[in-house]
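Chains as they are written, first to last, in our numbering: chain A, 1 to 250; chain B, 1001 to 1250; chain C, 2001 to 2250; chain D, 3001 to 3250.
Keep in mind that the hints were calculated from the coordinates and are not lab data.
Glycine is no exception: its CB is placed at the ideal position from the N, C-alpha and C atoms.
Hints are supplied without guarantee of correctness; some may be wrong.
Selected chain C positions facing chain D (in silico; Cβ < 8 Å) [claimed, not checked]: (1) F2037; (2) I2113; (3) L2120.
Below, computed lysine to any residue pairings styled on SDA-like, alpha-carbon distance capped at 20 Å [unchecked claim]: (4) K3121/D / V2118/C; (5) K1121/B / G1135/B; (6) K144/A / R1223/B; (7) K3121/D / V214/A; (8) K1121/B / V118/A.
Covered, in the sense of this in silico footprint (three residues per stretch, anywhere, with C-beta under 8 Å from a C-beta of chain C), are these stretches of chain B [to be verified]: (9) 1052–1059; (10) 1109–1122; (11) 1170–1176.
There are 4 protein chains.
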Amino acid sequence: MTTSPPPASGGPVSDELLKDLAAASRILVAQGVVDGFGHVSLRHPNAPDRFLMSRSLAPALVTPEDILEYDLEGQACNANGRSSFLERFIHSEIYKARPDIHSVVHSHSPSVIPFGLVRLKMQAMFHNAAFLAEGVPVFDIREKFGATDMLVGNGAKGTALAEVMGAKDVVLMRAHGSVACAASLPMAVFRAVYTEVNARVQHWTQALAQGDAVQGLDVDEGRLADEVNKTTGMRAWDLWRAQIRAQVNW
Amino acid sequence: MTTSPPPASGGPVSDELLKDLAAASRILVAQGVVDGFGHVSLRHPNAPDRFLMSRSLAPALVTPEDILEYDLEGQACNANGRSSFLERFIHSEIYKARPDIHSVVHSHSPSVIPFGLVRLKMQAMFHNAAFLAEGVPVFDIREKFGATDMLVGNGAKGTALAEVMGAKDVVLMRAHGSVACAASLPMAVFRAVYTEVNARVQHWTQALAQGDAVQGLDVDEGRLADEVNKTTGMRAWDLWRAQIRAQVNW
Amino acid sequence: MTTSPPPASGGPVSDELLKDLAAASRILVAQGVVDGFGHVSLRHPNAPDRFLMSRSLAPALVTPEDILEYDLEGQACNANGRSSFLERFIHSEIYKARPDIHSVVHSHSPSVIPFGLVRLKMQAMFHNAAFLAEGVPVFDIREKFGATDMLVGNGAKGTALAEVMGAKDVVLMRAHGSVACAASLPMAVFRAVYTEVNARVQHWTQALAQGDAVQGLDVDEGRLADEVNKTTGMRAWDLWRAQIRAQVNW
Amino acid sequence: MTTSPPPASGGPVSDELLKDLAAASRILVAQGVVDGFGHVSLRHPNAPDRFLMSRSLAPALVTPEDILEYDLEGQACNANGRSSFLERFIHSEIYKARPDIHSVVHSHSPSVIPFGLVRLKMQAMFHNAAFLAEGVPVFDIREKFGATDMLVGNGAKGTALAEVMGAKDVVLMRAHGSVACAASLPMAVFRAVYTEVNARVQHWTQALAQGDAVQGLDVDEGRLADEVNKTTGMRAWDLWRAQIRAQVNW
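Please model the entire structure based on the sequences and the hints provided.
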């Protein structure tokens, strides 16, 4: 409990943007990426050292009114007594380390967790998951911090996570979950969804392969296919956004 | 059929508590933990030698009016001709053996059953399932009782189950199902749900591991993470409770 | 196309029974046992040489008005131009061979099909599937009939299927599906549902077992547990029946 | 951007046909074959060198008004500024190469993708998937075109795909998806659905088989069973079509 004043806001953002961010939270529920836990954030469109993220709340319940603004130390600008997610440092430290990233999704999507617990690596099984072709690192919080509650609950842990992620866009967290990032909200959601779908596909593929190599996307194919996804991926976002709009009227 | 009078009640309980217990039953359906079978109970808040549990009924149909009160011998205080679950002794004997436990869920959740039939042990695959890191014993009713109908249908069988569970919070039952316990109703439901989710995750993890060790939570991580879950787990309960309230208006 | 008159009816049956049989068809859809294909029948309550079954129609669309009556040669008593399922001989020949059976379900439920294609046998993984503990034979139509369209489309093929089933209550059909039988409609539906659930559980169990024996129900446990299921199984039927009633108002 | 005029139309088609094609798109969503991506087309009933297909749009959103007409070079006759799917050349080149085919479905249905990434071949696991018994080739775009964005985005790539498909009705695309074809719209949809169902069944079958041969349909059985499916398959189409009609009123 600090008595220092909250950080200044980066300035007002449009209602449309707050609605999209709240809708993203519900899209991730509808697509099976998050359950009662997980969160999605968006860098402030006009202030790169601020980001927007729901107060601590189950993703299915988030409304535009629940979105708070944070600085890159994870301090809320406008909490007014509302509590914050313990793991907002995942977001703040990635925004600090990676100026190209404007949106971050953290989830415990169930098909992805196994790839954080074994030696076999996640690969891109099909073009929609092309962003995985560059490789998917695993962050083991135990290496630097010993036995913990597994949460990225402060800046130092967020920094360590961002370091393991490096220049990639997805990082797995051992015995916990994963993070998917992108230059825009729709693409971060797209990547979180297709990381989960790809994991399901890879489970079955590895079972069929019986130890043989698997002919997923190579690095060149991944780079080329990801360029297309950045455009065509909006088709998925537009569909998902419309489905949420039909439920909540915003 | 005994003609002795039913045991005395431990006293009235609030409507809110009866509604929460009935809602818990429906939450377990919604989360895929129970189907037409399974039950959840709550120790009486003012009388530790009494507990509350639905009459024999499919979990999806339970209402607050269906909740009966039992003593720790599994005798209903207020049956009035309503029939009881054959396996209420799972609950009565665990309450007898474990004063720290205030809520018990019994289910046949399908992903969990396999871990009661093989040598490989259930482990905690991620922080939400931290309560499994202390180890998950398997109760084989055949060891003490020979060939049976597999049901924990009397006090002696309930006692044997509670003995195998010991100081743990989850116990598997060979060729039958499992039991998840906690100090509160929300946490027992949370543990029943994440025992099932963890089982699904572990199936895929073992398949990927191809016999190698799996890097789940160790005992220290499990202890630390479970402390956090006892607080943050309410976020899941609040969501699930709201979803049931929207359906049934209580 | 024969010009002989249709067989005589075994007499009228109650509306309630026709509704239950039509509801059974929809229950099997809701439980994932049948899709656009599959059928359930009931022996005529007063005429053991007649049975009741929907005209050829997707199970989700069956209403009480679609139920036809057949003799044990698979001839419809009251078709009035309505077409019959090609595989009604599965039903007619089982009723002929097994006076104790009063209801039959045929499905292609997807988790069960694999057990008809490999050497490993289906076993009872938990007490709800106790009826499988006596063993599950596989009918390979190719053995007696060579290359066919795989359908049990005449009496001879139905007879051969019933012979392979023998005194058991479930039989798999290679590269096709399975049949679940019982002394009553609710129990046949119960067995069809839990044959599918058991298959899912066994898939995961075999994967974990890595070639070791699996500790499912033994024959004695199966016999004892099945006795209980015949009573408690009505709890599932009552739930499923109520769910259909809420949709169709009959 | 060409300034040449669009190709001439093959003539008007009935509203009923446009509704069926739009409904097919939504059926594929409902059956889990397509998500935000994928498309279904129909050869023009009166002009074999034209085909009908939605403008670029998520399949769940397609209405009869979104259907465009194309020539066999993938040029739209009536785009009026509406954008086309990048991969319409899958359809145009298959229609060019195979006069017997009148409907094509392209999807990334998730259970099918693994069979495009490993050596083990897809087989027909049960009679509904009889059309797979003739064998399922895999198109690897890398063989002829090197590293690409994985899309069949021009006529040359479509031609190469159609060549690998040859006289078969289903072809897998490495690290991408698959194509299912038939002589009619209902059968193409049926085959797309049962290719996915068959893949799920085969995954479990291969796991049980532990390297042994799997007793799926042989070529003769496949041929005989497929004949029946061409008739009985309409039962599934009629059900699926009715379910969409109930949602959209067309």
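Hints, one by one, checked against the model:
| no. | hint | verdict |
| --- | --- | --- |
| 1 | F2037 | 7 Å, holds |
| 2 | I2113 | 5 Å, holds |
| 3 | L2120 | 5 Å, holds |
| 4 | K3121/D / V2118/C | 17 Å, holds |
| 5 | K1121/B / G1135/B | 8 Å, holds |
| 6 | K144/A / R1223/B | 19 Å, holds |
| 7 | K3121/D / V214/A | 14 Å, holds |
| 8 | K1121/B / V118/A | 17 Å, holds |
| 9 | 1052–1059 | holds (count 3) |
| 10 | 1109–1122 | holds (count 10) |
| 11 | 1170–1176 | holds (count 3) |
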